[in-house]
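There are 2 protein chains.
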Amino acid sequence: MTSQVSLQLKSPYLVFIAGVDSVHYAKTGLGLVQWCPELVAGQLRFAGNSLDLGVPDMTMQQAADAGVKSIVIGVAPTGGAIDDRWIASLEDAAKLGLDIVSGLHSRLEDFPGVVSAAQSTGVQLINVRTPPKGLPVGSGQKRSGKRVLMVGTDCAVGKKYTALALTKSLQKLGVKATFRATGQTGIMIAGSGIPIDAVVADFISGAAEVVSPANDPDHWDVIEGQGSLFNPSYAGVSLGLLHGSQPDALVICHDATRKVIDGRPHITLPTLPECIDLHLRCGQLTNADITCVGVSVNTSGLPDHQRNTYLQALSDEIGLICVDSVMDSCDAIADYLVSHFDTHSNKEEIGDHA
Amino acid sequence: MTSQVSLQLKSPYLVFIAGVDSVHYAKTGLGLVQWCPELVAGQLRFAGNSLDLGVPDMTMQQAADAGVKSIVIGVAPTGGAIDDRWIASLEDAAKLGLDIVSGLHSRLEDFPGVVSAAQSTGVQLINVRTPPKGLPVGSGQKRSGKRVLMVGTDCAVGKKYTALALTKSLQKLGVKATFRATGQTGIMIAGSGIPIDAVVADFISGAAEVVSPANDPDHWDVIEGQGSLFNPSYAGVSLGLLHGSQPDALVICHDATRKVIDGRPHITLPTLPECIDLHLRCGQLTNADITCVGVSVNTSGLPDHQRNTYLQALSDEIGLICVDSVMDSCDAIADYLVSHFDTHSNKEEIGDHA
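So the sequence lines, in the order shown, correspond to chains A and B.
Under the numbering used here, think of the first position of the first sequence as 1, with each following residue one higher.
Under the numbering used here, think of the first position of the second sequence as 1001, with each following residue one higher.
Hints listed in this document are in silico derivations from the structure and should not be mistaken for laboratory results.
Hints should not be assumed to be uniformly reliable.
Stated by the list, open to error - Anything over 12 Å on all C-beta distances counts as not near chain B; from chain A, calculated:
hint : residue
1    : S50
2    : D57
3    : G140
4    : G227
5    : F230
6    : S233
7    : V237
8    : L241
9    : G244
10   : I267
11   : L278
12   : Q306
13   : I318
What the hints assert, rightly or not - Derived, one-sided and incomplete: chain B residues facing chain A with beta-carbon distance under 7 Å:
hint : residue
14   : S1050
15   : L1051
16   : V1055
17   : M1058
18   : P1136
19   : G1140
20   : P1265
For every residue, glycine included, the Cβ atom is placed at its ideal position computed from N, Cα and C.
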């Protein structure tokens, strides 16, 4: 029942990059191609745009003919607004029966031509920043399935990347694992999820319960984290997500060179033991057996020759597996996870990710 | 600047109790008369209703003539809906230039006659469950003034009552103290505030910063708490409120007979030392000097002869002042607060509550 209130996107996608020719502004499109190539049928670029996501070029008609279900705006210009030059294309998409998916600040509903085109064919205009209606209050009631939540010493320390990498590592082992998205880019990649920081405060943990519903006892939900218990702007979001996820396992995400909270130079970053301890203590409210299984560190700010040494020293110090997810993958954490929880692969179920 | 986004109600009030004749459904009206009699000009009851708040009866015209600025719906029928039989009266109020203030679930904007009457005179329709627009993200930046926050071992343990009682106790000492409301009934009593559990999750701590803005160094904001760090449904709200309030002092509110979290029989209530410890630990993020100054216990569930014994034993055990705010007032906590923080009264400022 609860999964009905999660956002649901229809694939395959046509990634719309229009005239945007900078990689920097096409992170959403690049993320889709990197993490869910199986959902991406192609890209639509305006004539003369040399930016290439490495997937087939398609016209809107070709996409519709190929069975594409959604056009996903894969670019985010400065300001996060929908560009007037895109409107004709978006209207065409709607007329051809494609849902339009946007993660931008400006709303698709504010463009009358797009709205009337969508109404004429009954397609959906989906803004992944807008949470679904009808979210419940969190119950704290124990549910089946295994859950691992990414948490952080701060915001923007690689929680989404780590969750996606860990999901892939688990799936490589043949373990049933699903990435669960709580932010806009994650939702586009997963095709479903809830933008947890946009829900009304009373429903944070309830939304988290919806994002990772009850599942098979040997199935892992790998949940994208948000904010940090140590970031004074967003800690409420993080605590509600922790309680609602009732995780069996935590992966702590960290940036090796960060000393203070992002944008809050007066607040020192917690140490990893402090961070682990507070998360375990708070997490025990909804899962008495919660444990921390590893640390994912962004070491890109360190000199190359120090990166492995840093991770090894950290691992020795805190007694946990420490990896850089980009450099090392999350295979070591995945191995530990399935071994510790005895959720080994059933070889006949390889590929069952739902 | 920040205080502009807090809800602001105009007094004096006419309390509207209409045909509701049960004390149980008139808690808002009773709270207004108990806690801010100076704001209440009178009550409006329908003919034959014997429920009496103990303030003068007024017709709508008499209220307008007497300078009443707002009609406040002081009753909450089962279901929380606006009763069709009230509409003619509410229209009259708007036509006479009174703002209409409601804390009910149904919205004043859904009654076209009320809306057009309000438009004709330019009065406001204020739903105190709806947060103001334009809330900032919390900054965690230290601000001047003293703040004491009510927190709880659970929801519904007397946080609002304790905050109001402590404000009165401080004001009796001549200390500059302001009650800061974070819930709907509190907002009506205070005349301003933000319904903190109704804001978008990303803005919880920012809303809390707005609720208790910078003030004189010897001024106390007494902040109404919400939820509990130990309630899995609402802990995110509580943590954001704790961080945004950056309190110097905490008062822990507790119910002497409660054993499990309200509505969550599978979750044991924390002990008071556990509760104090987690609050201090989390609160140190935005105020390194946070301290707990007392405990306010609802002992009404105990046999009369055990109540004082219970409070004394608890005080001996945890080394803090323990009172029942209803039975004892909060005078002892107020005395300790001003003595510990050296914010004693300046006799020339008695009565300056802003």
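Results for each hint:
no.	hint	result
1	S50	holds, 37 Å
2	D57	holds, 37 Å
3	G140	violated, 3 Å
4	G227	violated, 8 Å
5	F230	violated, 6 Å
6	S233	violated, 5 Å
7	V237	violated, 5 Å
8	L241	violated, 8 Å
9	G244	violated, 8 Å
10	I267	violated, 6 Å
11	L278	violated, 7 Å
12	Q306	holds, 30 Å
13	I318	holds, 19 Å
14	S1050	violated, 36 Å
15	L1051	violated, 31 Å
16	V1055	violated, 33 Å
17	M1058	violated, 36 Å
18	P1136	violated, 9 Å
19	G1140	holds, 3 Å
20	P1265	violated, 10 Å
Of the numbered hints given earlier, the model fails hints 3, 4, 5, 6, 7, 8, 9, 10, 11, 14, 15, 16, 17, 18 and 20; all others are met.
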